[in-house]
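Chemist: Chains A and B are the protein sequences, given in the same order.
Here the first sequence is numbered in my numbering, starting from 8 and rising by one per residue.
Here the second sequence is numbered in my numbering, starting from 3 and rising by one per residue.
I should point out that these hints are in silico values taken from the structure, not numbers from a laboratory.
One or more hints might be untrue.
Residues from chain A shown here face chain B by an in silico Cβ test under 8 Å; the list is partial [stated by the list, open to error]:
| hint | residue |
| --- | --- |
| 1 | Pro61 |
| 2 | Asn65 |
| 3 | Pro66 |
| 4 | Asp67 |
| 5 | Ala70 |
| 6 | Phe73 |
| 7 | Glu124 |
| 8 | Val127 |
20 Å max Cα-Cα, derived EDC-like pairs, lysine to aspartate or glutamate [unchecked claim]:
| hint | chain 1 | residue 1 | chain 2 | residue 2 |
| --- | --- | --- | --- | --- |
| 9 | B | Lys106 | B | Glu26 |
| 10 | A | Lys80 | B | Glu164 |
| 11 | B | Lys130 | A | Asp47 |
| 12 | A | Lys80 | B | Glu131 |
Have a look at the derived ranges for each label pair, beta carbon to beta carbon [what the hints assert, rightly or not]:
| hint | chain 1 | residue 1 | chain 2 | residue 2 | range |
| --- | --- | --- | --- | --- | --- |
| 13 | A | Lys9 | B | Glu164 | 37 to 47 Å |
| 14 | B | Thr212 | A | Glu81 | 47 to 57 Å |
| 15 | B | Arg64 | A | Glu77 | 38 to 48 Å |
| 16 | B | Thr288 | A | Tyr32 | 53 to 63 Å |
| 17 | A | Thr53 | B | Gln22 | 29 to 39 Å |
| 18 | B | Glu164 | A | Ser16 | 53 to 63 Å |
| 19 | B | Thr16 | A | His60 | 45 to 55 Å |
| 20 | A | Thr131 | B | Gln65 | 19 to 29 Å |
| 21 | A | Gly115 | B | Asp31 | 35 to 45 Å |
Every value quoted in this text rests on a predicted model; they were computed, and no experiment measured them.
We treat Cβ as the ideally placed atom computed from N, Cα and C, and that holds for glycine.
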Amino acid sequence: MKLRQGQFSFLPDLSDDDIRVQAQYAIDNGWAVSVEYSDDPHPRNTYWEMWGHPMFDNPDAAAVVFEVNECRKEHGGKYIRVIAFDASPGWESIRMSFIVNRPATEPGFRLVRQEGEGRVVRYTIESYATREPEGQRYA
Amino acid sequence: MTEDADTDAPTRPTHVDLAQSFQESGVRDVLRELDETLIGLEPVKSRIRETAALLLVDKARRQMGLATETPTLHMSFTGNPGTGKTTVALKMADLLHRLGYVRKGHLVTVTRDDLVGQYIGHTAPKTKEVLKKAMGGVLFIDEAYYLYRPENERDYGQEAIEILLQVMENNRDDLVVILAGYADRMDRFFASNPGFRSRIAHHIEFPDYTNGELLHISERMLAAQNYRLDDGARVAMAEYIGARRGQPHFANARSVRNALDRARLRQANRLFNEAKGPLDADTLSTITEPDLRASRVFQGGLAVDRLDGDRRTGQAMSQAAE
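Next up, chain A with everything else stripped away, as it sits in the complex (with noise of 0.2 Å):
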């Protein structure tokens, strides 16, 4: 199951020209871009393990472009988001969010049902992926 995270996510996977041309984007606007990676699909896993300082002073998207294809060396196995932190005044938050890299395969989320007091049942999801440890969960 292909996950559908951030911008973009309902195309067809970004080439590095693609990367390129949304991060100069972001740069242009005066945004920070950063790299990011993580093996925890969940979409409630909001913060994941930097690649390196956002990039608050490069003018030019090859850099972004040449530390996406860095990390996916050290960490081609998982998932790689490239976002764009807006610093302004009453903003200061991600502006930006796209996947430019996720596993070979991806085997989807479990509906997980608990049964609560009386006939109450709370339902949850929960990533076939994340039942191995860290670090194994994507070959």
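Using the hints, position chain B against chain A.
Modeler: Chain B alone, transformed into the frame defined by chain A:
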């Protein structure tokens, strides 16, 4: 319209008008600016004109589908201190930007300190950080020979060199690297790092300025600050340049600039001591002969001029050690 032979792909032009693309790209402006703002440096200007012509032709060939590879644009600027290497690098970045060989056209100036780390594992991220910052523009490495220290085999400079070479080769579309330094030391640097020599296509030599050119430069510098030399001061300045050249740590235009800074200091002091009553703008902006004649250079020697700020102390020290 009987001719219908043009069956080629319509996107590819069959003719290029070099003069027109010369006009449109704005290269003419950069070259004219170069001619107007830089005094002397004829060999450098002609090399830059040649490079611009090559890139224009290359661009036209690419439009017609004749060339596919990005030409190697890494350069080395060699010359004595104060001969305008950084200034030309700035213009070069602008030129390459207008020709579309770099996307942003900014210049990032670094020295060894910015590239080489203090401890194991510090160098690679530091160098990469600088390279990332320079992407889309021009990376200017001043005094590049300091990167390589043959006397210390565990020096981290070698690591920075390796990363540089790798990026210079793999990210040729993303950045242009310009190495700068004194001619003899750069030669030794290239001799011990053959990888660099072969990756750099353009070696540009910066000649020393002649005395006349330096006088011209000094007047240009003063005019930019709304100062001028009176007739006596002009003669003194010409003599100053002649005398200064023979003394150690002569740094061409930079020496001239420092001399002028000190002359302005003396002028201010003189006005302060002598002035009785209000001064007009002309008096405030004229440098006179005594302002220059007071210089120690006329007393013949830098033995007394040890604190001359012509060079950064590091350079002076390393020169002394040689």
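Chemist: Are there hints from earlier that the structure breaks, and if so, what are their numbers?
Modeler: Hints 1, 7, 8, 11, 15, 17, 18, 20 and 21 not satisfied by this model.
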